[in-house]
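Visitor: Protein sequence lines correspond, in order, to chains B and U. Numbered as in our numbering, the first sequence ends at 266 without a single skipped number. Numbered as in our numbering, the second sequence ends at 266 without a single skipped number.
Just so you know, not all the hints are guaranteed correct.
Where chains are identical, the list cannot tell them apart; a pair therefore holds if satisfied intra-copy or between any two copies.
[As the list claims (entries may be wrong)] Mimicking DMTMM-like on lysine to aspartate or glutamate, the simulated pairs with C-alpha atoms at most 25 Å apart in a straight line are: (1) K253 / D152; (2) K253 / E239; (3) K253 / E265; (4) K98 / E119; (5) K98 / D60; (6) K98 / E239; (7) K253 / D109; (8) K253 / E234; (9) K98 / D258.
Note that these hints are calculated values from the structure, not bench results. Being a predicted model, the structure only gives us computed values, none of them experimental.
There are 2 protein chains.
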Amino acid sequence: MQNLGALEAIDLCVRHDIGAIGLWRDKVAQAGLAATAAAARAGGLHVSSLCRGGFFTHADAARRAAAAADNRAAVLEAAALGAGALILVAGGLVPGSKDLPLARRMIGDAVADLVPFAEQAGVRLGIEALHPMFCADRCAISRLGEAVELADQFPADVVGVVVDTYHVWWDAQLPADIGRAAGRIVGYQLCDWVLPLPQDVLLGRGHLGDGYIDLPAITAMVLATGYAGFAEVEIFSQEIWAAPADETVTIVKSRFADLAGAAAER
Amino acid sequence: MQNLGALEAIDLCVRHDIGAIGLWRDKVAQAGLAATAAAARAGGLHVSSLCRGGFFTHADAARRAAAAADNRAAVLEAAALGAGALILVAGGLVPGSKDLPLARRMIGDAVADLVPFAEQAGVRLGIEALHPMFCADRCAISRLGEAVELADQFPADVVGVVVDTYHVWWDAQLPADIGRAAGRIVGYQLCDWVLPLPQDVLLGRGHLGDGYIDLPAITAMVLATGYAGFAEVEIFSQEIWAAPADETVTIVKSRFADLAGAAAER
Numbered sequence: 001m002q003n004l005g006a007l008e009a010i011d012l013c014v015r016h017d018i019g020a021i022g023l024w025r026d027k028v029a030q031a032g033l034a035a036t037a038a039a040a041r042a043g044g045l046h047v048s049s050l051c052r053g054g055f056f057t058h059a060d061a062a063r064r065a066a067a068a069a070d071n072r073a074a075v076l077e078a079a080a081l082g083a084g085a086l087i088l089v090a091g092g093l094v095p096g097s098k099d100l101p102l103a104r105r106m107i108g109d110a111v112a113d114l115v116p117f118a119e120q121a122g123v124r125l126g127i128e129a130l131h132p133m134f135c136a137d138r139c140a141i142s143r144l145g146e147a148v149e150l151a152d153q154f155p156a157d158v159v160g161v162v163v164d165t166y167h168v169w170w171d172a173q174l175p176a177d178i179g180r181a182a183g184r185i186v187g188y189q190l191c192d193w194v195l196p197l198p199q200d201v202l203l204g205r206g207h208l209g210d211g212y213i214d215l216p217a218i219t220a221m222v223l224a225t226g227y228a229g230f231a232e233v234e235i236f237s238q239e240i241w242a243a244p245a246d247e248t249v250t251i252v253k254s255r256f257a258d259l260a261g262a263a264a265e266r
Numbered sequence: 001m002q003n004l005g006a007l008e009a010i011d012l013c014v015r016h017d018i019g020a021i022g023l024w025r026d027k028v029a030q031a032g033l034a035a036t037a038a039a040a041r042a043g044g045l046h047v048s049s050l051c052r053g054g055f056f057t058h059a060d061a062a063r064r065a066a067a068a069a070d071n072r073a074a075v076l077e078a079a080a081l082g083a084g085a086l087i088l089v090a091g092g093l094v095p096g097s098k099d100l101p102l103a104r105r106m107i108g109d110a111v112a113d114l115v116p117f118a119e120q121a122g123v124r125l126g127i128e129a130l131h132p133m134f135c136a137d138r139c140a141i142s143r144l145g146e147a148v149e150l151a152d153q154f155p156a157d158v159v160g161v162v163v164d165t166y167h168v169w170w171d172a173q174l175p176a177d178i179g180r181a182a183g184r185i186v187g188y189q190l191c192d193w194v195l196p197l198p199q200d201v202l203l204g205r206g207h208l209g210d211g212y213i214d215l216p217a218i219t220a221m222v223l224a225t226g227y228a229g230f231a232e233v234e235i236f237s238q239e240i241w242a243a244p245a246d247e248t249v250t251i252v253k254s255r256f257a258d259l260a261g262a263a264a265e266r
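So here's chain B without its partners, still in its complex pose (with noise of 0.2 Å):
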């Protein structure tokens, strides 16, 4: 539902009676930040999360700060939207150069700097690990594990993980490391992994039980972390994103009522 604006998916989500929606920096900033938040809360709907922050891997020294700025300006959107989490894509290998571990350095000092400015607002920190396909251009922390060792340097009520099926679910650590960021999970988001991948892999994704993903054991594990938040159901998808929103929202919430079923089971 790329299409709709960030007062539209709210409407949306009012009417199916949904309880909560994650907002992306653009949409809000189009149909501006006063006037989404108080839509938001005049239509009772939490705002989960916050996407993004982040892209923290930058070559010279004035780039990295304008990353920096432009991360405490999503920190305060977040804030003003009483948003869950502000999720932080971390970034790929930093440009020219090829030295991952200097881009997870890199990463882990930003966040550093940016855990204190969070604090001040209330505003937790999510980190999300990308799929490794995603490794060189867009963000090099590439598995939960990665994801809760970097959380565990800050104070839990400041930085967490967020818990992205699509990312992690080929993980054979993957149960554990849930269970080792029990207590840090500030967001769990669920779509499905469906072949074959497409021409621009960053739309690849599908409704919950079209793909390979074992959805209901991985909800169960973060539910035995005593994660108590929102689920969110993130589906980037061309030709979903074309489908009718009343349309996909039904198919969303069938199917996410499905999984819940499954998941209790286990």
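Starting from the known structure of chain B, arrange chain U on it as the hints suggest.
Guide: Showing chain U alone in chain B's frame:
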């Protein structure tokens, strides 16, 4: 150089003073096993590996038995070629199932079943971790560490691991896992991660140095384990396959020499 037959590829290597070749079973079958083995021997060319056995994950016993029989045939072919290893690509999820632990148990059982036969034939098995983007449909062994843990259950002279830079470069645990693989590395394959990924992600690889992987760093890690085997440059790419083979070999040799120099400096 997918368009070359096995005998043409052997001739190409001999003409270009390349000491070893990794062969694929379908090409060997087309040229004839005995003829291929004889041509390699006559040219003084080592067969560094045979690709590939594996694909162990099947829902019914008859298909698992057929896979086991095919793997024993592959072992005999590897023996006839004097191949340094038979490379195993394990297979993805069991058809009709989303149970990754089940797939991984099935893979472990199938390797255990194959080991005595391989030992008898004097063939080393090389378990290859494939990039997590292939987890659903090709290989549920997604990290080098998983391959090492599986190989460690068997004698080192029968079961080892293959390190392929394309599949494992992104992994923060890679340095530690390569260290754990010491004495178990039976193959080292190189190519580069280039972006954007193509429509068929199997064919998205690049010449050494054209992408994002820190190949000198990984090569130095592999060498530090005492690995003294061959390095195979394995580039799946429609574009490179379409280029003249002699031209491609010249690029491969030049890039490899650069890499070896850079790795030696680490």
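Visitor: Give a verdict on every hint.
Guide: Hint check results:
{"no.": "1", "hint": "K253 / D152", "result": "neither (34 Å within a copy, 45 Å between copies)"}
{"no.": "2", "hint": "K253 / E239", "result": "within (18 Å within a copy, 44 Å between copies)"}
{"no.": "3", "hint": "K253 / E265", "result": "within (19 Å within a copy, 57 Å between copies)"}
{"no.": "4", "hint": "K98 / E119", "result": "neither (33 Å within a copy, 40 Å between copies)"}
{"no.": "5", "hint": "K98 / D60", "result": "within (15 Å within a copy, 44 Å between copies)"}
{"no.": "6", "hint": "K98 / E239", "result": "between (34 Å within a copy, 24 Å between copies)"}
{"no.": "7", "hint": "K253 / D109", "result": "neither (40 Å within a copy, 40 Å between copies)"}
{"no.": "8", "hint": "K253 / E234", "result": "within (12 Å within a copy, 45 Å between copies)"}
{"no.": "9", "hint": "K98 / D258", "result": "between (44 Å within a copy, 16 Å between copies)"}
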